[in-house]
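Undergrad: Following the hints, put chain B in place on chain A, whose structure we already have.
Number of protein chains: 2
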Amino acid sequence: MAQESKPIRFGIMGCAEIARKVSRAITMSPNSTVYAIASRSVEKAKQFASKNGYSDTGVMIYGSYSELLDDPLVDAVYMPLPTSLHLEWAILAAEKKKHLLLEKPTALNVTELHRILEACRSNGVQFMDGSMWYHHPRTAKIKEMLSDSKLFGQVKSIYSSSSYNGGQGFLENNVRVKPDLDSLGALGDAGWYCIGAILWAMNNKLPTTVTALPSLVRNSDGVILSCIASMHWEKEQLVATFFCSFLAHETMDLSIYGSNGSLHLEDLIIPYEETSASFQYTSGAKFAELHIGWNVKPTEVRVDNSGLPQEARMVQEFAKLIQGIIYSGWLPDQKWAEVSRMTQLVLDAVMRSINHGFEPVHM
Amino acid sequence: MAQESKPIRFGIMGCAEIARKVSRAITMSPNSTVYAIASRSVEKAKQFASKNGYSDTGVMIYGSYSELLDDPLVDAVYMPLPTSLHLEWAILAAEKKKHLLLEKPTALNVTELHRILEACRSNGVQFMDGSMWYHHPRTAKIKEMLSDSKLFGQVKSIYSSSSYNGGQGFLENNVRVKPDLDSLGALGDAGWYCIGAILWAMNNKLPTTVTALPSLVRNSDGVILSCIASMHWEKEQLVATFFCSFLAHETMDLSIYGSNGSLHLEDLIIPYEETSASFQYTSGAKFAELHIGWNVKPTEVRVDNSGLPQEARMVQEFAKLIQGIIYSGWLPDQKWAEVSRMTQLVLDAVMRSINHGFEPVHM
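Residue numbers (the UniProt record's numbering), protein chains in the order written: chain A, 1 to 363; chain B, 1 to 363.
With the rest of the complex left out, here is chain A (with noise of 0.2 Å):
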């Protein structure tokens, strides 16, 4: 008989705000648990475990990333630090025997990634980073729908946005406009979803060519605050369109135009709300009798998710791929390290369109 799965013990590798959201998930997700907070400083980790209700559990604090990843007793860790750490705190985490949640953008570039991807890989550890929306079964429902050759057809453009107005005290302060700290900016923090969106509609398929648009507006450090992009598919002659952004208001579209279909979300990365979620969906839509409207009008497909929010859902199945390692021998799933490999693919070419005077970038 095989031995009891016990819930995935976590150490949560930096205090960052989302790192509360998190931490309520692995808190939700049935196999997993909040075993230890590392920040720099035991009283950050301390003041976080406070503020987060995790002060009367048992969890374990620490005052350095080291000795959480020294603790025998962390199966796997959640790490939201900074980009520009990931590949020297993501690599020691592999080396420790940790599994990797690693928060989005995985790495600076892909060559980094390629050498996280790698500790993981030798040492046996499972990978995934911290897309969310990948996981809400709204997604899932999405693909079904989009797969459906009569109903949809062939996908022939594809367009997502992902923007917020972080405001002045954010653009001034925030780690993600910081040249030392995140230097993808908007590109790396907002971009990373468009693309991944996108790939994922192209059933992972990676563009033939990649270029930035020339709208590119940079802070006084050169960090991307603003960006637009295009991704194209040569043989299916088909081209996605992507906008990121610091500066403008929320706003998450994903709009999928297929030969006999079409849909869209305005909620793609957080749903407006946690329990439920919608999109849009059209399907054999003509111009009524004189043009003077539409035969069929968008349908609202509305998904429930009352069960775990998806970042919960994330935490369990990532949880469930290390059960899987611990109790039952599996080998660590190579599909999400995949998924990560190409957006970071896609976003380092975005990256040297724009150092090439925004030129085309062949894949």
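Derived by calculation from the structure, the hints in this document are not laboratory data.
A portion of the hints provided could be inaccurate.
All copies of an identical chain are treated as equivalent in the list; a pair is satisfied when it fits inside any one copy or across any two copies.
[Claimed, not checked] Computed list of lysine to aspartate or glutamate pairs in EDC-like fashion (alpha-carbon distance at most 16 Å, straight line):
{"no.": "1", "residue 1": "K297", "residue 2": "E274"}
{"no.": "2", "residue 1": "K235", "residue 2": "E95"}
{"no.": "3", "residue 1": "K44", "residue 2": "D348"}
{"no.": "4", "residue 1": "K235", "residue 2": "E88"}
{"no.": "5", "residue 1": "K286", "residue 2": "E17"}
{"no.": "6", "residue 1": "K286", "residue 2": "E273"}
{"no.": "7", "residue 1": "K150", "residue 2": "E95"}
{"no.": "8", "residue 1": "K320", "residue 2": "D333"}
{"no.": "9", "residue 1": "K141", "residue 2": "D221"}
{"no.": "10", "residue 1": "K297", "residue 2": "E273"}
{"no.": "11", "residue 1": "K286", "residue 2": "E274"}
{"no.": "12", "residue 1": "K97", "residue 2": "E67"}
{"no.": "13", "residue 1": "K46", "residue 2": "E67"}
{"no.": "14", "residue 1": "K205", "residue 2": "E234"}
TA: Here is chain B on its own, set in the frame of chain A:
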């Protein structure tokens, strides 16, 4: 006392499918009437009259466009001819002192359009193109909310799509894919709306550069079936992108992203229904606490249009300007000519970018 204004007498020059909708609009508009119908044969004109309820209304039937233009009682013509015929017939109409409601795309290129507009100017006739959506009350409402510098802020990006899948019959036989009739294809027919909508959102400021993206699909005669392009405003650090296609499902998207608000609609050109139309407006959206939702959701702003459909409002506006010329000594209004001219200028730039290997074209 001013002479009492009589309804403007329209001649329909060409019995295209769209003429059914516009002749209905001329009949609905309180200041205009369908006076004459011309086709290349009397039979075709009669058939159109019969099919659209003009058999017993005393409408004049002409078997050639020239005869219609020679009728001194025709005040204005509506011209839905194939684009390649616009230059000849639009100029002739102006020379015959007929006010000109010209279908879009207005011409094959801006040089042709300049000649048409010059003919209108020198003959003192009013010009307007047949883009109906400008005249819907929703459009005015969108502009009002878009112009709210507090609720919406500055425009940061714009996206538009216009597509429909005509199917095999359309792709083989329709006027819009014939190189000798409508060589601009989907760019002229569908892209016209996207360019117009983007310019409209930018208060008719021309972009600094225009770039076609390398996803062009042409038919075997070289006519554009699908195209994506971008428009860049350098000073505003803003790029708009649009997708137009005869190969994708019916879409008419307009998304405008401001610094503090965003708006979306998906039935710009032809609203889902005639009597009212809506758009989604969001202002000041932020992540909710813990980033598990939004603090505000989009508001559906619905605009009543039970009075007149947008095409009848277009005709009413056009006829009002003509009545002003006839009865009050107004000069022809240049606003609509300028809207058409700028749209055609950008369309020309997209064509030039395509013809120069997708290089940016400076305006």
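Undergrad: Please sort K320 with D333 into within, between, both or neither, judging by C-alpha distance up to 16 Å.
TA: So K320 and D333 pass the 16 Å test inside one copy only (11 Å; across, 69 Å).
Undergrad: At most 16 Å between alpha carbons: which applies to K205 and E234, within, between, both or neither?
TA: Result: close within a single copy only, 12 Å intra versus 33 Å inter.
Undergrad: What label fits K150 with E95 when the C-alpha limit is 16 Å: within, between, both, or neither?
TA: neither (48 Å within a copy, 52 Å between copies)
Undergrad: Check K286 against E17 for me: Cα-Cα at most 16 Å, and say if that holds within a copy, between copies, both or neither.
TA: This pair counts as between: shortest inter-copy Cα distance 14 Å, intra-copy 47 Å.
Undergrad: 16 Å Cα cut-off: does K297 pair with E273 within a copy, between copies, both or neither?
TA: between (24 Å within a copy, 9 Å between copies)
Undergrad: First find the shortest C-alpha distance between K286 and E273 inside one copy, then the shortest across copies, and answer within, between, both or neither for a cut-off of 16 Å.
TA: This pair counts as between: shortest inter-copy Cα distance 13 Å, intra-copy 32 Å.
Undergrad: As a check of your reading, is K97 near E67 (CA-CA no more than 16 Å) within one copy, between copies, both or neither?
TA: within (14 Å within a copy, 88 Å between copies)
Undergrad: Give the relationship of K44 and D348 under a CA distance limit of 16 Å: within one copy only, between copies only, both, or neither.
TA: Classified as neither; 34 Å inside a copy, 60 Å across copies.
Undergrad: Is it within a copy, between copies, both, or neither that the alpha carbon of K141 lies no farther than 16 Å from that of D221?
TA: neither (42 Å within a copy, 40 Å between copies)
Undergrad: Should K297 paired with E274 be assigned to within, between, both, or neither, using CA atoms and 16 Å as the limit?
TA: between (26 Å within a copy, 13 Å between copies)
Undergrad: With 16 Å as the alpha-carbon cut-off, assign the pair K46 and E67 to within, between, both or neither.
TA: within (15 Å within a copy, 90 Å between copies)
Undergrad: How do K235 and E88 come out at 16 Å by Cα distance, when the copy is not named: within, between, both, or neither?
TA: neither (39 Å within a copy, 40 Å between copies)
Against the hints set out earlier in the document, violations occur for numbers 2, 3, 4, 7, 9.
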